[in-house]
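**Q** The primary structure of each chain is shown beneath.
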Amino acid sequence: MSPRRSRALLLLLVVAGIALLMTAGLQNTLTFYRSPSEVTQGSSAHERVRLGGQVVPGSLRTDAGLTRFRISDGTTEIPVEQVADLPGTLREGQQAVVEGTLDDRGVFRSDTVMAKHGNEYRPAEAGGQDSR
Amino acid sequence: MPNNLPTPLLDGRRAARDRRNLGWGALGLGVAGALTGLTVAPPDAAQGQAQRLMYLHVPAAWTAYLAFFAVLVGSGAYLVWSDPRWDRAARAAAEIGLGATAVTFAAGTVWGRATWGVWWAWDPRIVSTIVLFLVYAAQLTLRWSKPDPHRGARHAAWLGAAGFVTVPVVHFSVVWWRSLHQQATVLAPSVSPPIDTIMLASLLVCAAAASITAAWLFLWRLAVLEARTGVRAAAPHAVPAGRR
Numbered sequence: 001m002s003p004r005r006s007r008a009l010l011l012l013l014v015v016a017g018i019a020l021l022m023t024a025g026l027q028n029t030l031t032f033y034r035s036p037s038e039v040t041q042g043s044s045a046h047e048r049v050r051l052g053g054q055v056v057p058g059s060l061r062t063d064a065g066l067t068r069f070r071i072s073d074g075t076t077e078i079p080v081e082q083v084a085d086l087p088g089t090l091r092e093g094q095q096a097v098v099e100g101t102l103d104d105r106g107v108f109r110s111d112t113v114m115a116k117h118g119n120e121y122r123p124a125e126a127g128g129q130d131s132r
Numbered sequence: 001m002p003n004n005l006p007t008p009l010l011d012g013r014r015a016a017r018d019r020r021n022l023g024w025g026a027l028g029l030g031v032a033g034a035l036t037g038l039t040v041a042p043p044d045a046a047q048g049q050a051q052r053l054m055y056l057h058v059p060a061a062w063t064a065y066l067a068f069f070a071v072l073v074g075s076g077a078y079l080v081w082s083d084p085r086w087d088r089a090a091r092a093a094a095e096i097g098l099g100a101t102a103v104t105f106a107a108g109t110v111w112g113r114a115t116w117g118v119w120w121a122w123d124p125r126i127v128s129t130i131v132l133f134l135v136y137a138a139q140l141t142l143r144w145s146k147p148d149p150h151r152g153a154r155h156a157a158w159l160g161a162a163g164f165v166t167v168p169v170v171h172f173s174v175v176w177w178r179s180l181h182q183q184a185t186v187l188a189p190s191v192s193p194p195i196d197t198i199m200l201a202s203l204l205v206c207a208a209a210a211s212i213t214a215a216w217l218f219l220w221r222l223a224v225l226e227a228r229t230g231v232r233a234a235a236p237h238a239v240p241a242g243r244r
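Those protein sequences? They're chains A and B, same order as listed.
Residues in the first sequence are numbered consecutively from 1, following the numbering used here.
Residues in the second sequence are numbered consecutively from 1, following the numbering used here.
Honestly, the hints are just simulated from the structure, not real lab data.
Hints may be right or wrong, so weigh each one.
[Stated by the list, open to error] On the chain A side, residues computed to face chain B include the following (Cβ under 8 Å):
1) V97
2) H117
3) P123
[Stated by the list, open to error] Here chain A is said to cover these stretches of chain B; the calculated rule only asks that three of the stretch's residues, wherever they fall, bring their Cβ under 8 Å from a Cβ of chain A:
4) 122-135
5) 153-164
6) 172-182
7) 191-200
We put the CB at the ideal spot given by N, CA and C, even for glycine.
Isolated chain A, as found in the complex (with noise of 0.2 Å):
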C-alpha cells in the first residue's frame, strides 16, 4: 500500500470512529425523551430515562408534597410518580417530558418535570386577570 493510501485510509478510520462516537453520545439528544410505549417495551428498567407525551387529564395530583400523574401516548399510559417542584405551567392534557426510572411496579419515579410547550401563543382569557 502506498503512504498516500494508507493515510487516506487512517483518516477514513479516524472519521468513522469520530461519527461513531458521535451518533452514540447524541443518543439521548437526537431522541431527547421516549414515549410511554417505547418505554415499556423497552426493557430499560432501573435505567434512568426520559418520558414523555401527554399529561392525561383528570390525573393530576398533588398530596403532602407528591405529585402523581399519567403520561400518555394515546395508546400506553404510565403512572408517574414526582417528589420535588413542578414547573409552574404543567396543565393537564398538555405535553410534559418527566426524568426518572421506571420502578418494578411500573411506576415511573421522577425528580425533574419539564413543561413541553406547543407553538401556540393566545391571549390569556379575558377576565383571567390572575396571570397578569
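Here the structure of chain A is known, so what remains is to put chain B in place on it, guided by the hints.
**A** Below, chain B without anything else, positioned relative to chain A:
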C-alpha cells in the same frame, strides 16, 4: 489585491450620515418594539408574562441567521475575488452573529426556566445551536491561523461558506428530531401561524428592530476594521468644502 481600497458601503460623502440615521432608526424601532412587546401585547394564556421573552429571543435568533447568511455571502465572494474587503465583511457579520446567538441563549435559558421548568436541556435545538456557535467561533479565529493573512482568510472563508449548513440544521432540528423545544410558529410553512395578531405584530416590529440594529452594528464594525487597515479615513474633512 491591495488592502487599502475603500469599502463601497462606507465610501462617499453621505455614508457617515446615512450610518448615523440607520442607528437612530434602529433605536426608534427598538424603543417601539420594547413598548409593544412589554405593554401593548397581551400576556400568553399558557406562559403568562414569561412569553414576552419571545420578543427578544426570536428576533435575536433571526438576526443570527441573517448574520450567518452574510458570512456565507462574504466568504463566497472572498473565495472568488480574494478581496480583503469581503473578508472584513464576513468577519464583522460572524462577530454580530455570535453576539446574537449569545443573546438568544441568554433569553432562552430564562424563558426555559419559566416555561419548561429547567434552565437547560440537552435537546436537539440547543445542542445544534452550540455546534453552530462553535463553528462560527472557529471561523472567526481561523483567520489568524496562518502567518500569511490571505491564506488564513481563505481557510476562514471555506469554513464560513461550509458552516452555513448548520443554520438549517438548527432551524429544522425541532422537526427532524424529537426535541423539548417547540416547533417554529412564524418561520414555518403555514398560511395562518398559530399566534395572536397583536403578538405577531409586536414580534415583527422587534425582528425589524433587531435586523436594523445588526445592519448598523455591521457598518460600524466594518468602518472600524477598515480604519485599522489604514484605508484613508472617511472623515467629513476629507470631503472638499465646496461639495458639502
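**Q** Hints numbered earlier in the text: which of these fail when held up against the supplied structure?
**A** Going through the list in order, the structure violates hint 5 alone and respects the others.
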